[in-house]
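Top to bottom, those sequences are chains E and S. When we follow our numbering, the leftmost residue of the first sequence carries the number 1, and every step to the right adds one. When we follow our numbering, the leftmost residue of the second sequence carries the number 1, and every step to the right adds one.
One thing to keep in mind: the hints can contain errors.
[What the hints assert, rightly or not] With beta-carbon atoms standing in for the labels, derived distance ranges: (1) E:N152 - S:Y222: 29 to 39 Å; (2) S:L17 - E:V199: 51 to 61 Å; (3) S:I77 - E:W230: 26 to 36 Å; (4) E:K217 - S:L192: 50 to 60 Å; (5) S:F66 - E:W230: 55 to 65 Å; (6) S:I166 - E:G52: 51 to 61 Å; (7) E:C106 - S:L192: 46 to 56 Å; (8) S:L7 - E:D200: 18 to 28 Å; (9) S:A42 - E:G107: 52 to 62 Å; (10) E:Q191 - S:L192: 28 to 38 Å; (11) S:T45 - E:Q187: 34 to 44 Å; (12) E:Y264 - S:A37: 53 to 63 Å; (13) S:I166 - E:E195: 31 to 41 Å; (14) S:L7 - E:T10: 14 to 24 Å.
[Stated by the list, open to error] Computed list of lysine to any residue pairs in SDA-like fashion (alpha-carbon distance at most 25 Å, straight line): (15) S:K265 - S:P255; (16) E:K159 - E:V82; (17) E:K134 - S:K265; (18) S:K265 - E:L112; (19) S:K8 - E:I90; (20) S:K49 - E:S141; (21) S:K8 - E:A202; (22) S:K49 - S:W28; (23) E:K44 - S:N135; (24) E:K102 - S:V13; (25) E:K34 - S:N135; (26) S:K103 - E:V21; (27) E:K243 - E:I22; (28) E:K217 - E:M193; (29) S:K8 - E:Q191; (30) S:K103 - E:I22; (31) E:K207 - E:K233; (32) E:K243 - S:K8; (33) E:K34 - S:M140; (34) E:K134 - S:K8; (35) S:K8 - E:I32; (36) E:K47 - E:A29; (37) S:K265 - E:L91; (38) S:K8 - E:Y210; (39) S:K8 - E:A184; (40) S:K49 - S:F21.
For the record, the hints were derived by calculation from the structure and aren't laboratory data. Computed from a prediction, not measured in an experiment: that's the story for all the values here. The C-beta atom is built at its ideal place from N, Cα and C for all residues, glycine as well.
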Amino acid sequence: MKRLKISRETKSGYLFILPLVIILAVFLAYPILKAALMSVQYWKMTKPSPDGHYFVGVENYVNVFQDEFFWNSARVTVLYMVVTVAFRFILGFGTALTLNTKFRGCGLARALIIIPWAVPEVVACLVWILMYDKDYGIINSMLTGMGVLSGNVGWLLDKNVALPAAMAVNIWKGFPFVAIMLLAGLQGIDQEMYEAATVDGATRLQKLRYITWPSLKPVSMVVFLLLIIWTLKDYAIAYLLAKGGPARATEILTIFVQQTAFKYFDFGKASAVGMLMLLASCIFTGLYFRALNKGEKA
Amino acid sequence: MKKSLGLKIGVVVAAVLVCLFAIFPFIWMISVSFKPASEVYAAPTLFPKAPTLDGYKAMLSTTGAFSFTTWLRNSVIVSLCTTLFSLIIATLGAYGISRFHFKGRSALSYIILTTQVIPGALIVVPMYVIMGNMNLLDNMFGLILAYTTFTVPFCTWMMKGYFDSISPTIDEAAMVDGANRFQVFSRIVLPLSLPGLAATTIFAFISGWNEYVFASVLLRSYSNWTLPIGIASFQGQYDTNWGTLMAGAVMITVPVVIIFWLLQKHLVAGMTAGAVKG
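With the rest of the complex left out, here is chain E:
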């Protein structure tokens, strides 16, 4: 009797997860397997082979590694990731600390700070393209007005400044997420700890170092790694701003894949780069889980 009951329970459990498993299998697991397969097959869409999509071994991967533009993209990606993650985190952390203090209008400030996060990427990029405009952009107008610049700069047209310009948009769009998550973490800290520390004569800096930071560490670790993973995946911002240009200065790996697939129509090579990115993501996920487990033990 008891056994029957358990198996029925288990059965209804499976029914609950069935749609989830199906959609994950059909539209996530299958495409990944398909990408893995395509990465070792011939998929040059502009030159269809009479043999169809035949097996080519590691040729696509070799093509990738011999492509100087791939290495350019890898370099740009790492730079883009390091700078934007660091700045989003620092700016977000500073914002969270600032907005955690009570002052008149802090509620308003918390509401305003969300805006960049809420604005759709396409809209954000369009507005920044307009602000970056060489002749009529507000940024050039302000900087020359203040005497910082002597002449107008084509922010997204000059290969020396396009990458930093794209990074600025990414940082602007991304720091509110960090600020809001950390602010939620800050508000969860027991105020009595600060009071006790004040009684014991701790300085502000000591409180930050010995109470705030350790309490925020679990949330920070999660936020930090999410930032890394999301940045590796992201391409709407860089793509919309400059399509990877000028002279491939903003061509992060995601754009490289997109261009290889839908401009040069080599699906095999594109899949190979995608698989390499998945590998990089998995390494970061491994670190993520290790950090999470450590956080739980601590």
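With chain E's structure known, arrange chain S on it following the hints.
For chain S alone, kept in the frame of chain E given last:
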């Protein structure tokens, strides 16, 4: 006392600076949306000298292939369907993972988290081929399926966090009273997790509303486009009319910003709950 006053001023100054940085592009977008073309192509001023609604009128009266209202309708359909499908699949799945001890349960919850790291760039190529094989290219239903797939894992993760915080003894009590599992789920547990549902709904809706990359790859004909691709196509033309373009941008953005403001607390709670529990 003096030191604390100095600190307070410092905090307020920092807050003002950071807020200005955050909202300036937003304000600029609104300002330009009210400017006539002659003012856009001139030395920029913060406020329009001769504010006009022409941009909004022009954007709303676009017809034929490049029609704002058609894209708006498409975006609403795609986002609503994505939300509906994601919610059904995610709440059922999250309840299953939260309440049942089946084989592969922990593996499944790990897989759900792992999906967060799959680069879209990896999926987009095979997805294009698969959708082509299924005759779902240039088809809104294909796009909805793709979006649902991307939003479901995160929605499940958030909902599981909420379900975990509701004691299973409530379920057991209801089952003793004769309710079956599905009744417990739909009539007791779901109503108890309304804040979580709200957060998940916004997340799914906004994901669909804002998405650009997959829409631009999977949709071809203008009449199937969603707002993000539609509006982006205005830029880069030789005679880009920025006033009109920004009017469209304002109309896309304002609803999203309002939703965020209304429901941000739930969204943050949902995300942190998932983040802390893993």
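Outcome of the hint check:
1. E:N152 - S:Y222: 29 to 39 Å: holds (35 Å)
2. S:L17 - E:V199: 51 to 61 Å: Given about 33 Å between the Cβ atoms, the range is violated.
3. S:I77 - E:W230: 26 to 36 Å: holds (27 Å)
4. E:K217 - S:L192: 50 to 60 Å: Given a distance of about 31 Å, which is not inside 50 to 60 Å, the answer is violated.
5. S:F66 - E:W230: 55 to 65 Å: Violated, since F66 (chain S) and W230 (chain E) (Cβ atoms, about 32 Å apart) do not stay within the stated range.
6. S:I166 - E:G52: 51 to 61 Å: holds (53 Å)
7. E:C106 - S:L192: 46 to 56 Å: violated (32 Å)
8. S:L7 - E:D200: 18 to 28 Å: Hint holds: Cβ distance 20 Å, inside 18 to 28 Å.
9. S:A42 - E:G107: 52 to 62 Å: The hinted range 52 to 62 Å is violated for A42 (chain S) and G107 (chain E), with Cβ atoms some 38 Å apart.
10. E:Q191 - S:L192: 28 to 38 Å: holds (29 Å)
11. S:T45 - E:Q187: 34 to 44 Å: Since T45 (chain S) and Q187 (chain E) have Cβ atoms about 40 Å apart, the given range 34 to 44 Å holds.
12. E:Y264 - S:A37: 53 to 63 Å: violated (37 Å)
13. S:I166 - E:E195: 31 to 41 Å: holds (33 Å)
14. S:L7 - E:T10: 14 to 24 Å: violated (59 Å)
15. S:K265 - S:P255: holds (17 Å)
16. E:K159 - E:V82: Satisfied, since the Cα-Cα distance of roughly 19 Å is no more than 25 Å.
17. E:K134 - S:K265: violated (40 Å)
18. S:K265 - E:L112: holds (14 Å)
19. S:K8 - E:I90: holds (20 Å)
20. S:K49 - E:S141: Holds - the C-alpha atoms of S141 (chain E) and K49 (chain S) are around 17 Å apart, at most 25 Å.
21. S:K8 - E:A202: holds (19 Å)
22. S:K49 - S:W28: holds (14 Å)
23. E:K44 - S:N135: Status holds; Cα separation ~21 Å.
24. E:K102 - S:V13: Given pair K102 (chain E), V13 (chain S) holds - Cα atoms ~13 Å apart, limit 25 Å.
25. E:K34 - S:N135: The hint holds at about 17 Å.
26. S:K103 - E:V21: holds (13 Å)
27. E:K243 - E:I22: violated (35 Å)
28. E:K217 - E:M193: Judged against 25 Å, a Cα distance of about 16 Å means the pair holds.
29. S:K8 - E:Q191: holds (19 Å)
30. S:K103 - E:I22: Holds, at about 16 Å.
31. E:K207 - E:K233: violated (37 Å)
32. E:K243 - S:K8: violated (44 Å)
33. E:K34 - S:M140: Since the Cα atoms of K34 (chain E) and M140 (chain S) sit roughly 23 Å apart, the hinted pair holds (cutoff 25 Å).
34. E:K134 - S:K8: Violated, at about 39 Å.
35. S:K8 - E:I32: Roughly 53 Å separates the two Cα atoms, so the pair is violated.
36. E:K47 - E:A29: Roughly 29 Å between the alpha carbons, so the hint for K47 (chain E) and A29 (chain E) is violated.
37. S:K265 - E:L91: holds (21 Å)
38. S:K8 - E:Y210: holds (22 Å)
39. S:K8 - E:A184: holds (21 Å)
40. S:K49 - S:F21: It holds: about 24 Å lies between the C-alpha atoms, which stays within 25 Å.
When held up to the earlier numbered hints, the structure conflicts with 2, 4, 5, 7, 9, 12, 14, 17, 27, 31, 32, 34, 35 and 36 and fits the remainder.
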